[in-house]
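J.: Protein sequences, first through last, are from chains F and C. The numbering of the first sequence is numbering that gives the first Met the number 0, which starts it at 0 and goes up by one. The numbering of the second sequence is numbering that gives the first Met the number 0, which starts it at 0 and goes up by one.
Since the hints were derived computationally from the structure, they do not count as laboratory data. All of these numbers come straight from a predicted model, not from anything done at the bench. Just so you know, even glycine gets a beta-carbon here, dropped at the ideal spot from N, CA and C. Among the hints, a few may not be true.
[Said to hold, decoys possible] The list that follows gives simulated cross-link-like pairs (lysine to aspartate or glutamate, DMTMM-like), each with its CA atoms no further than 25 angstroms apart:
id, chain 1, residue 1, chain 2, residue 2
1, C, 186, C, 252
2, C, 123, F, 52
3, C, 144, C, 69
4, C, 123, F, 93
5, C, 123, F, 56
[Unchecked claim] Distance ranges between label pairs, derived from CB positions:
id, chain 1, residue 1, chain 2, residue 2, range
6, C, 59, F, 46, 26 to 32 angstroms
7, F, 97, C, 359, 41 to 47 angstroms
8, F, 18, C, 105, 47 to 53 angstroms
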Amino acid sequence: MAADSRESLHDANAPQSGETISCEVVVAIPQGLHARPADLLAREARRWQSRIELVADSQRADGKSILDLLTLAAEAGTRLVVEATGPDAREALEAIGSLFDRNFNEHAGSQES
Amino acid sequence: MLPAAPAPAMLKLQGIAVSPGVTIGEALVLDAEGFRIPRRFVERSAVDTELARLAHAVAETAREMGHNRDRIHAELGAQYAAIFEAHLAMLHDPRLQQELTTAVRDRNWWPEYAVSRTLRRYAKVFQSLDNHISQRAHDIYDIEKSLLRNLLGERRETLAAISQPVVVLAHNLTPSETANLDRRFVKGFATELGGPGSHTAIVAEGLEIPAVVGVGPFLADVSGGESVILDGNEGLVILQPDEETIARYRLEEQAAKTVATRLGRLRDLPAETTDGVRIQIMGNIEFPSEVEQCISRGSDGIGLYRTEFLYLTSRREPTEEDHFAAYAEVVQAMNGKPVVIRTLDLGADKMLTETTSEEERNPCLGLRSIRLSLRQLPMFRTQLRAILRASALGDVRVMFPLVSTIVELRQARMVLADVMEDLAEHGIAFNPKMPVGMMVETPAAALMLDAFIKEVDFVSVGTNDLIQYTLAVDRGNKEVADLYNACDPAVLRLLRRSLDVAAEAGVPANVCGQMSGSVMYTQLLLGMGLRQLSVPASAIPEVKQACRSVSVADCRLIAEKALAMDGAREVKAFLRDQLRRLHAQTVA
């Protein structure tokens, strides 16, 4: 799922800073993108300089804001486009894609956040 | 993403009208904890100080959340602590912090106002989502509450401290909160909860301020300080009213004053029908201060003095002197005109003092009113002693509420006789012939009235409860409130039966529910033989005007027709039509 869509990213030309690159991910957590994963996602996004946004249909959320991410109300199965703009856009997308791949460690059962 | 605060559009919210009148005023919002969040602005020079205050409140709130998280983690485990972790994450959300800072620095909003406005906007978005994320709105309100508590600190302002005219908007107001509203400043109120006929509604009517209840969730849309219109006639709350609407309501406010002046001229004219039948119009009161409003409108007496106020506003049980002082004030002001004092009509669940330890599953059908009094004899005796002492000062009559069996009536009379004996022994003055009456407000009482009537000096039909018990409808429950209808044929039949039985026995009867205060029912009630109505002071002129414009002969025909109908809707339409005709005649 998410991994496949990120393949295309590697084929893209190296982005200029200021250019927007994107990848697609799917929410696989049964309860949807709820408070804990939204928090993890925002924390991850904040590690990067680039502007990061998540897009679901017509709705757009600031990837660095848990409140904004929650307003997406993304349920299990929702396809989201992650967009990154800035000098470290590629690394940011990798890191966020990997969070989705690991399913936000939901099954680890721990609360390491 | 959240839209930047859009240009506000006018928003009309429909609630339930419980106290008439219209008013335009500044909104004062009370949240669940009764905070007041006024819209204030910060002086440019004070922006940095205010930002520091905001930062301090955020830090303090974060400290509390962290503390709660650790405590819950230790006590219940990580799963439960996660909720506070989420609160912390939301509180520290960079976007939120940015928005708050911008609101204070660029818009010069007072931090309290910025917090409330911004967080409520998020809460509103969450509430609008139709999945489990909508529950997060509670978290947002929690965060708002904590931040406000830390911001306001000791400067927390309460309802009691209002010092300028406002329209109070609240989730809910208890009867005692309502009773304590300062009438000089509170021009009206609207609540999210509540239904018609609730105690809060009755208190509002007594205060003669427009009130709308049962609006549903709307407080997320207001922060306080903005202009709102309250229409207590139509049950509307209008947020962000446009110029045109404001102008229209200003006219309406003015027109209401003109009508009041016109009706005021009726004061010294008798409530006599066109065919010469004199109708007694009495006032319903809750507070001694309302007597003045009854007298100034020419009432023939007090038909219902509700004494719950004495029990609701204090944590301790009222003493005999508390009772007596209130009763004496009313009786002396009425100067020889009758005053019907109703003994405690509350459920055990409403009492502030500890009366029962068991939680009742169904308080409306539980230990309340006369049942409670008969169970709490010392409390009952205290009230009866005060009523009897007041009976030496004027025409006092006592009335027992919610009587449903003859045994209750006899027991209550026995306690009264016992208290009389006691007073006589101590040489304390009272009227040994004080009339004793009962409320007819259960179907049981209406059906058995031929038995009860031999043991009372008067009866009063309380339509609010009679409707509720006959139709099995909780009038405070929004889901079924539309079934609560005074026009229901079942209610009308019980009412007619009660009036017939009383007339046959030659016992005076009165109707004191909301039904008697609405001119829509005046012709019907007179037609069913009623000659005494007890209404809120504010309704006296209008009801008197209605009595003076009709003939008993016509009223009888109207009552006959209404009683032959099968459905509430049909009856209501018919009565509306009759009222319209009456108005047309009066104006012509």
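J.: So, against the hints stated earlier in the document, which numbers end up violated here?
T.: 4, 7 and 8
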